[in-house]
Every structure is written in structure tokens, then in C-alpha cells.
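Undergrad: Chains as they are written, first to last, in our numbering: chain W, 1 to 275; chain B, 1001 to 1173.
Keep in mind that the hints are not guaranteed to be accurate.
[Claimed, not checked] A partial selection of chain W residues facing chain B, derived with a Cβ cut-off under 7 Å:
1) Thr13
2) Leu16
3) Arg29
4) Ala41
5) Pro47
6) Val52
7) Thr56
8) Trp63
9) Ile66
10) Arg127
11) Asn129
12) Phe130
13) Arg196
14) Gly197
15) Glu241
16) Thr242
FYI, nobody ran anything at the bench for these hints, they're computed from the structure.
Positions of the beta carbon are idealized from the N, C-alpha and C atoms, including for glycine.
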Amino acid sequence: MAISPPTGSRTRTIVLVVASITLVVVGLRDVAVVRSLRESAADVVSPVEGAVSAVTSPFRNAWHGITDYEELKEENDRLEAELAESEAAGIGQSDAEQQLADLSASLDLPFAGDVAKVTARVVSGPRSNFSHAIEIDKGTDDGVVEGMPVVTGGGLVGRITQATGSTARVELVTDPEFRVGVRVAGAGDLGTARGRGQDDPLVVDSAMSPRAEVAPDTGVVTSGVDRSAFPPGIPVGTVAETRQGSGGLALELVVEPLVDVDQLSYVTVLLWLPG
Amino acid sequence: MTNRRLVPVRATLVALAALVLQVSFVADLRIAGAIGDLMLVAVVAAGLTGGPDRGVAYGFALGVLYDLVLDTPFGLSALTYALVGYTVGVVGAALVRTSGWWPVLIAAAAGAAQAALYTSLGNLIGVSYPFGAVPAIALAMAVTGAVLVLPALRVMWWVHGHNEPDRLEMMFR
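Using the sequences provided together with the hints, build the complete structure.
TA: Below is the structure:
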């Protein structure tokens, strides 16, 4: 026999759906209540999360051993090949990171040279498929506040979007909402890089002519112009390809980030805020 | 019969346990590059055992809880889970002849639906979640849903008892 929904069910459904829509609308406005609720939740969840993670780590490691085996093997093969190549051609010659560091130096853009920094451990990766944020174990107690840039030795990781006493949340460069002003090394052209989700490269909307030539593997660094959210000269990535932007008026660059945000263990928070 | 006073306590316990396990354990296990969703499995189990009424209630509550620990638009999980919970409840209640595999199929379908719904609604409110990522996410969510829904049903029976309008029992008769 078929069962009809009990009376009152429809009312409750409508009330809860309307309530959810209200939450979405309220949440979009970045109201203080939502913000403080999320901060409180972070304070409560983080320690519990750490404890459960520690207990379940053998199982998770086994899982990664099984599911990532091919990937790890490929990476190992690739690294071996790269190492051989590197040794042959002189260490670091083919390394994009080195190239960027050189370019940054030549442009007199110190990569966060004289900025105070804090090293933090990554406590957890993205918590859902639609989240592009990681949690770190340093917070306001260590001087970390919202808006600070986060890097590794390789380059830009993201930006602090929430900080409580002992934890902080980092919005990754791959977040579809992430924007950073960049400069194409060498050419010096400015543009805005935006994330496009996990595993996808960044896209730079430039003001360059669609006919301009940008060589593959050209470095892209933060521009730091005007009231930029980042200091200048942080390596972001290398140009993978160029194409005509929508509208055909400007060149669009596809940029492979230097940092693999899926494989982070430690990051560095630059204690720097936009001036 | 479950003591009715115990139901809210047990339900809260289940919700918190699901949240902690999701963020500290399941979120780190990737299937095809995407993450499974334990919270959704609980919502599906609620819809299957208690109909649309319970489905939408669990969907809303678990969604709000999940939204609190995410950086995604606040309320979006609550909205999508509530809609999926309601639909699962309606579909589960409408099935006349069922076998033991129906919950598994429904849970898998709900996982895929959630992935598409979340991406679509996210784009509607201006967050450009890539649609290209939907198949992988749908797959991961469908797989976790299919694997975990049967134990999740038992958990829901522990919370609410069998004596409430128990659609599964009626379906299996």
C-alpha cells in the first residue's frame, strides 16, 4: 500500500525550506551573527577533530595507500625522471620555482623578504566537496588575523578568512571565489587570477592584447599594486596556455599553480595586512 | 518501543557524531578525487524511515550543523539537504513493491542529486562551482550513500524506534 504524507508534513516542509532560503540570503550578506557562530563552531570542532583524526589515521593511511598507489607511483617515476634531468642540466635549471625566484629578484620584488611570518601545521583539508579551505593550527594567539597571505616555499597558498584563538581557516587559491592581482613576469603586464576549483588551473584575465605573445612556463607573481590584498612578488604559478578571453578583447592566461594545495603539511602565514 | 524522551537526545548524539566523523575522517578519504557525504546518508536514512516529514527535519538540522563548520555559503547545505530529505521521504513512502536493495539505490541517487543540486543552487547565488566537477562528486556521494545507508537505517531505528510510522517495515511486508 502507498502511504500518504501525514498532515502537517507539508507545512513543516514549507517552513523549513523557507527557513533554509532565509539562511542562505542572510549568510550571503556576511552578517556578524553567522560569522561569530562559525568561529565558535571552529573552536569547538577543531580539538575534537584533531583527536578523532589521530585515532583514525591508521585507517586513513591504509586507504590512501590503496587509492593513491597509482598516483604515488607515477609521481615517484616523474620525480626520478626530473631528478635525473635536473642533475644533468644543473640543479634547479629547469625548476620553475627557481626561475620565478630569479625573476622576482630581477624585478626587485622581494618574496616576502622582510615580513614577519608564522609557520603553521595543516590540521585538516577541505571538509566538503564544495569547500576550498584548509584549517591550520595557529590563530589570533600567534598574531594570525583575517586577510593575511599564506604561502609555502613554493609560492602562494591562499588567504586567511577566519581566525580564532588557536586555529585559522585558509581560503585556497583554487577556490572559485579567490581573486588575486598578478603580474606576468618579464612582460610586467597586470591581470587578475581567479580559482576554478580543485585540480583545475587558475585563469588570469589580463588587459593584454589578444595578439600578445606569452611564452609557456612564464612565471606569474602577485602584483601588489595599490591596495592589493597581497604583498608583491609572491610566486603564483606558471603559464600553461594562452587563449582569447570572452569577448575577444583581451588575452586570457591559464596558469598552473606552483603549490599543490592537496599535499600541504605545513604552511607559512605572512603577518602582513593590506596597507 | 523507544522512550520518546530519549529521541531528541539520541538524535542530537547521532547528528554530532555524523558531523565529527564527516570532517575528521570521511573528508580525508577521497573516491575519484571527491569526498563522500556521511551527513547526507543520515538525511537519506531519516527520510526512508520516517517519510518526508522526518527527512526534511533532519535535512535542515544536519545542513545547518554542517554549514557551521564550512566556508561555503551559509544555509546552502541546509537547503539542499532539506529538499533531498523530503524527496527521499516521498519516494520511499510511495514505493509499493520493494526489495531490500531499494534503500541502496535511493541513497545512491540521492547522493548524485545532491551534487547536482548544490552546484546548481551555488551558481544561482553567484558562486561559480564548476559543473565539470559534478560527475566525480556525484560518484563519491553515490558510493558512500550506497555503502552506508543500511547501517544508517539501523541507527535511525535506534533513535526513533520501529513503532513510529515505519515505512520500511510496511514496504518490506
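Undergrad: Hint by hint, say whether it matches the structure.
TA: Against the structure, the hints:
1. Thr13: 5 Å, holds
2. Leu16: 4 Å, holds
3. Arg29: At about 10 Å, which exceeds the 7 Å cut-off, the nearest Cβ of chain B leaves the hint on Arg29(W) violated.
4. Ala41: Hint on Ala41(W): holds, closest Cβ of chain B at ~4 Å, below 7 Å.
5. Pro47: 11 Å, violated
6. Val52: Result: holds, 4 Å to nearest chain B Cβ.
7. Thr56: Thr56(W) check passes; min Cβ-Cβ to chain B is 5 Å, inside 7 Å.
8. Trp63: 5 Å, holds
9. Ile66: Not OK, violated: Ile66(W) not within 7 Å of chain B, min 10 Å.
10. Arg127: 5 Å, holds
11. Asn129: 5 Å, holds
12. Phe130: With a closest approach of 5 Å, the Phe130(W) hint holds.
13. Arg196: 6 Å, holds
14. Gly197: 4 Å, holds
15. Glu241: Glu241(W) check fails; min Cβ-Cβ to chain B is 17 Å, beyond 7 Å.
16. Thr242: 20 Å, violated
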